[in-house]
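Since the structure of chain A is provided, determine the placement of chain B on it from the hints.
Those protein sequences? They're chains A and B, same order as listed.
So the number in this note's numbering is just where the residue sits in the first sequence, counting from 1, plus 11.
So the number in this note's numbering is just where the residue sits in the second sequence, counting from 1, plus 97.
Think of the hints as simulated: they come from the structure by calculation, not from any bench.
Worth double-checking, as some hints may not be accurate.
What the hints assert, rightly or not - Listed below are the simulated PhoX-like cross-link pairs for lysine-lysine, each with C-alpha atoms no more than 25 Å apart in a straight line:
{"no.": "1", "chain 1": "B", "residue 1": "Lys-273", "chain 2": "B", "residue 2": "Lys-210"}
{"no.": "2", "chain 1": "B", "residue 1": "Lys-210", "chain 2": "B", "residue 2": "Lys-171"}
{"no.": "3", "chain 1": "B", "residue 1": "Lys-210", "chain 2": "A", "residue 2": "Lys-124"}
{"no.": "4", "chain 1": "B", "residue 1": "Lys-223", "chain 2": "B", "residue 2": "Lys-199"}
{"no.": "5", "chain 1": "B", "residue 1": "Lys-238", "chain 2": "B", "residue 2": "Lys-181"}
{"no.": "6", "chain 1": "A", "residue 1": "Lys-124", "chain 2": "B", "residue 2": "Lys-238"}
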Amino acid sequence: MNPLLLLGMLLMAANASLAAAQDIECPDPRLAADLPREIRTWFRNPDGSCVQCSIGMCGVDQNVPAAATLLWDTEYGSRERGGSGPSRVSAYCNRRDIRAFNITGASTWDWMKWAAQTGRGAAIGAGSAHFQTLMGYDPSSGTWYVCNNNSPSRIDQYDEASFRRLHLASGQWVVILDYPPHPERPRYARWW
Amino acid sequence: MRALLMVMTLALAPVVWAQEVAPEVDQAEVLRRGNLVQVVGDGTRSFETDDFAAAMGPPASDADKWFISVVSMKQCAGCEKLKKEWSTNPWLLALANPSDTKQSWAHFGIYDKDDRSQAFRFESLKITTFPTILVQPPRSKRYGDPSIVVFQGVYKGDPEKLAREITQAIRQYIQKLQTPVGPVRAYEQQRIGADPPWQPVPKVDPWQPTPGPQFPTVDPTIPPAPPAPPTPKPAPAPVFPWSSVLTLMTAGFSLPAAVALVVWAVYAIRARRQAAGLKPIVDQATLDRVLEQLKKLADQPKQSTSGT
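The following block holds chain A by itself, in its conformation from the complex:
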């Protein structure tokens, strides 16, 4: 087989999980979370702390400093680094007084849709033993928007089937901060 053709097929297969690759950036009405690229890069995964990176992004999005600063030593608590499971998340959320829904099992799909619908991000299992940040879900096109803390400068897009595989690959576990969502970036309009 022509090596170029083979290379092309391999590239296509590699990108198959990503939906139509059109760049999307905050703010965008299709996205629930609003995190500029510069801020997302603060949460680049330093040392296998993907769960805390994902929760941290949600912390900034919902203006919860105790969650936003999970990765670092601050007055809100010592840094939480390394791998986590639901029990560790419960423990540090309790220690730091972070209100959160720590959800495992079959209802994660509904919770993720609820978070996206109400303008919240979510820290979700995505990929093999990995956590990422759910940035939004567009029900009309069936597109899920996810920010990977290994490549935080971009927002990946998945169709329903590929997102299902992505989420199941890590086990059904989702963390959603129990705080109000962010307001949209306010602007003046002469309505009066």
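Frame of chain A; chain B shown alone:
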């Protein structure tokens, strides 16, 4: 005896349960509605009132909650006072309950102006005094674009006044709605330290207030207060035409003198009606036309009756 105790427990249980479940009167909604007469059922209906009343009622879902944001700063006595008031004052709690986000009518958030992780949100606004309170419509878009600033105001120490200003702005906004109307440093992977890449807001502002003016004097309120209605200026009373009267008395009938008397009478009546707040009998344009005709009549030279 045991049976009696059981009966009493069963009899009292619903009462206790009801007290725990919900208040019998939603006083918070009463405060949010303010001075409002809503005609319900059959009859003449004001949709504007209905829409405002619906907006002040319990939101249908989390996405139907309005947004109230407080932009504060450190070492600001007014900011601290507002934060305290918002956890105790019934007028402010009726709008947003910071300690019970589920029962809260609005989503409530406090932002520090110096928090770099949140600065991007308010980049397009002009906020010069603190605390500044912002109100935005719900995310559901039921009340239009959720990014629009429906209210921007400064807290001046009166929680009830602030709450009323907010609900009044929402009411005006809904009424109008019915008629179509610094670079952040990237966090580098190689330099992962124990310190966050921004200075998070302190848990507690260590600043101790000192006596002095707590509240700003500037008032960049949105919507701006409507201009005060013009106060009617008393029309100057026309001067009585004594010279015309003298002319009539001494030289007999004269058309210009008679016209001058008529004009005086017209102006005098008009001034009296205006002073009493009544509408003039004729509008200004008609009066001008009549006076023009009278002037022409007075200026007309006397026609000779003798033939030649």
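Hint consistency between Lys-210 of chain B and Lys-171 of chain B [alpha-carbon to alpha-carbon, up to 25 Å]: 8 Å, holds
Hinted pair, alpha-carbon criterion (25 Å max): Lys-238 of chain B, Lys-181 of chain B. Please report holds or violated. 31 Å, violated
Under the criterion that the straight-line Cα-Cα distance not exceed 25 Å, is the pair Lys-124 of chain A, Lys-238 of chain B satisfied? 18 Å, holds
Does the alpha-carbon distance linking Lys-273 of chain B and Lys-210 of chain B stay inside the 25 Å limit? 31 Å, violated
Pairwise hint evaluation, Lys-199 of chain B against Lys-223 of chain B, where the allowed Cα distance is 25 Å at most: This hinted pair is violated, its Cα atoms lying about 31 Å apart.
If you draw a straight line from the CA of Lys-210 of chain B to the CA of Lys-124 of chain A, is it 25 Å or shorter? 32 Å, violated
The structure fails hints 1, 3, 4 and 5 (numbered hints given earlier, in ascending order).
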